[in-house]
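Kindly produce the complete structure, drawing on both the sequences and the hints.
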Amino acid sequence: KAGVTQTPRYLIKTRGQQVTLSCSPISGHRSVSWYQQTPGQGLQFLFEYFSETQRNKGNFPGRFSGRQFSNSRSEMNVSTLELGDSALYLCASSLWKSFVGNTEAFFGQGTRLTVV
Amino acid sequence: EDKVVQSPLSLVVHEGDTVTLNCSYEVTNFRSLLWYKQEKKAPTFLFMLTSSGIEKKSGRLSSILDKKELSSILNITATQTGDSAIYLCAGCGGNNNDMRFGAGTRLTVKP
Chain S
1 KAGVTQTPRY LIKTRGQQVT LSCSPISGHR SVSWYQQTPG QGLQFLFEYF
51 SETQRNKGNF PGRFSGRQFS NSRSEMNVST LELGDSALYL CASSLWKSFV
101 GNTEAFFGQG TRLTVV
Chain U
1 EDKVVQSPLS LVVHEGDTVT LNCSYEVTNF RSLLWYKQEK KAPTFLFMLT
51 SSGIEKKSGR LSSILDKKEL SSILNITATQ TGDSAIYLCA GCGGNNNDMR
101 FGAGTRLTVK P
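Keeping their order, the protein sequence lines are chains S and U.
Just so we're aligned: the first sequence equals residues 1 to 116 in our numbering.
Just so we're aligned: the second sequence equals residues 1 to 111 in our numbering.
Calculated directly from the structure, the hints in this document are not laboratory data.
Heads up, a few of these hints could be off.
[As the list claims (entries may be wrong)] One side of the interface only, derived from the structure: several residues of chain U facing chain S at Cβ under 10 Å:
#1 V4
#2 P43
#3 D98
#4 M99
[What the hints assert, rightly or not] Once the Cα atoms are required to be at most 30 Å apart in a straight line, the calculated DSSO-like pairs of lysine-lysine come out as:
#5 U:K41 with U:K110
#6 U:K68 with U:K110
#7 U:K67 with S:K57
#8 U:K57 with U:K67
#9 U:K67 with U:K3
#10 U:K41 with U:K57
#11 U:K67 with S:K13
#12 U:K57 with U:K110
#13 U:K56 with U:K110
#14 U:K3 with U:K40
#15 S:K57 with U:K3
#16 U:K56 with U:K68
#17 U:K110 with U:K67
#18 U:K40 with U:K110
#19 S:K57 with U:K37
#20 U:K68 with U:K41
#21 S:K13 with S:K57
#22 U:K56 with U:K3
#23 U:K40 with S:K57
#24 S:K57 with U:K41
#25 U:K41 with S:K13
[Unchecked claim] Footprint (simulated), chain U over chain S, 3 or more residues, beta carbon under 8 Å:
#26 20-33
#27 72-83
These numbers were taken from a predicted model, which means no experiment stands behind them.
In this text, a Cβ means the ideal position worked out from N, Cα and C, and glycines have one as well.
Structure, rendered in structure tokens:
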């Protein structure tokens, strides 16, 4: 069974450009969450999608956006890149988001974005 | 605002030592606490704790939740160099049952 796949693995962009990152969840998983990881801030929640709907959003500016497709694959987009956007972007998939209890999330290998 | 705080932020030990990593949380509508190990990129799941006082164990790793103190500990006995990693804890709760992560503890085990 394939794990969570993120593409590309590495990316170098210049300030002002935009970037799109992709996440393919584990087959059958419908929930995809995105996180930004930097050395000083740890993992910070960006947003979460379930059945093509954004269910929750973290405290990030509007330059960060995302979407989910009918096959549960998700993309996140960052426009007008800033140096501070350099980070490891991780996505995690889970079977569903239960309001009674949470199932553990499985993470992808991440996309390392460097903004120069 | 919800927050999860881990301590220490980094730790250096020698093989064979026992370590205790701490995680405290303030999470609205708290449901569970999760521990992950991150070696290079993808965090891998270790434990999910929902009930206070019940220890979860996997080999040399164990963890317990204290809902009264809003905290959890992760113990690693007889540490090995392969235990070197960042250990993340996450509190699950809120209106959408989302995970809020702490900054992590970077554990280095020296031979």
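For each hint, the structure was consulted:
The restraint placing U:V4 at the interface with chain S holds, with a minimum CB-CB distance near 9 Å, inside the 10 Å limit. Taking 10 Å as the C-beta contact cut-off toward chain S, the hint placing U:P43 at the interface holds, the least distance being around 5 Å. For U:D98, the shortest C-beta to C-beta distance to chain S is roughly 6 Å, which falls under 10 Å, so the interface hint holds. Taken as an interface hint, U:M99 checks out: its beta carbon lies about 7 Å from the nearest beta carbon of chain S, inside 10 Å.
Among the hinted pairs, U:K41 with U:K110 is consistent with the structure: their alpha-carbon atoms are about 21 Å apart, no more than 30 Å. Distance check on the hinted pair: U:K68 and U:K110 sit about 35 Å apart at the alpha-carbon level, beyond 30 Å; violated. About 27 Å separates the Cα atoms of U:K67 and S:K57, which keeps this hinted pair within 30 Å; it holds. Distance restraint check for U:K57 and U:K67: the Cα-Cα separation of roughly 18 Å lies within the 30 Å cut-off, and the hinted pair is therefore satisfied.
With a C-alpha separation of about 15 Å, the suggested pairing of U:K67 with U:K3 holds against the 30 Å cut-off. Taking the CA atoms of U:K41 and U:K57, the gap is about 24 Å. The hint holds against a cut of 30 Å. Straight-line distance between C-alpha atoms of U:K67 and S:K13 comes to about 44 Å, which puts the hinted pair past the 30 Å bound. Under the criterion of a C-alpha separation no larger than 30 Å, the hint pairing U:K57 with U:K110 is consistent with the structure, at around 24 Å.
At most 30 Å may separate the alpha-carbon atoms for a hinted pair to count; U:K56 and U:K110 meet this at roughly 26 Å. Distance hint between U:K3 and U:K40 is fulfilled; the C-alpha atoms sit about 24 Å from each other, no more than 30 Å. Taken as a hint, the S:K57 and U:K3 pair is honoured in the structure, with Cα atoms around 16 Å apart against an allowance of 30 Å. A C-alpha spacing of about 18 Å is found between U:K56 and U:K68, which places the hinted pair at or below 30 Å, so the restraint holds.
Distance check on the hinted pair: U:K110 and U:K67 sit about 33 Å apart at the alpha-carbon level, beyond 30 Å; violated. At roughly 17 Å between alpha-carbon atoms, U:K40 and U:K110 fall within 30 Å of each other, so this suggested pair holds. A C-alpha spacing of about 25 Å is found between S:K57 and U:K37, which places the hinted pair at or below 30 Å, so the restraint holds. Only pairs whose Cα atoms come within 30 Å are accepted, and U:K68 paired with U:K41 is rejected, the gap being roughly 33 Å.
Of the pairs offered as hints, the one joining S:K13 and S:K57 holds, with about 24 Å between alpha carbons and a cut-off of 30 Å not exceeded. Simply put, U:K56 and U:K3 have alpha-carbon atoms about 23 Å apart, close enough for the 30 Å limit, and the pair holds. Note on U:K40 and S:K57: the hinted pairing holds, with a Cα-Cα distance of about 26 Å set against a maximum of 30 Å. The straight-line distance between the Cα atoms of S:K57 and U:K41 is roughly 23 Å, inside the 30 Å bound, and the hint therefore holds.
A distance of roughly 20 Å separates the Cα atoms of U:K41 and S:K13; the hinted pair therefore holds under the 30 Å criterion. Against chain U, the region 20-33 of chain S contributes 1 residues with a C-beta closer than 8 Å to a partner C-beta. That does not satisfy the three-residue criterion, and the hint is violated. Proximity of the region 72-83 of chain S to chain U, defined as three or more residues with a beta carbon under 8 Å from a beta carbon of that chain, is not established by the 0 residues found.
Figure legend: structure checked against the earlier numbered hints; hints not met, in rising order: 6, 11, 17, 20, 26 and 27.
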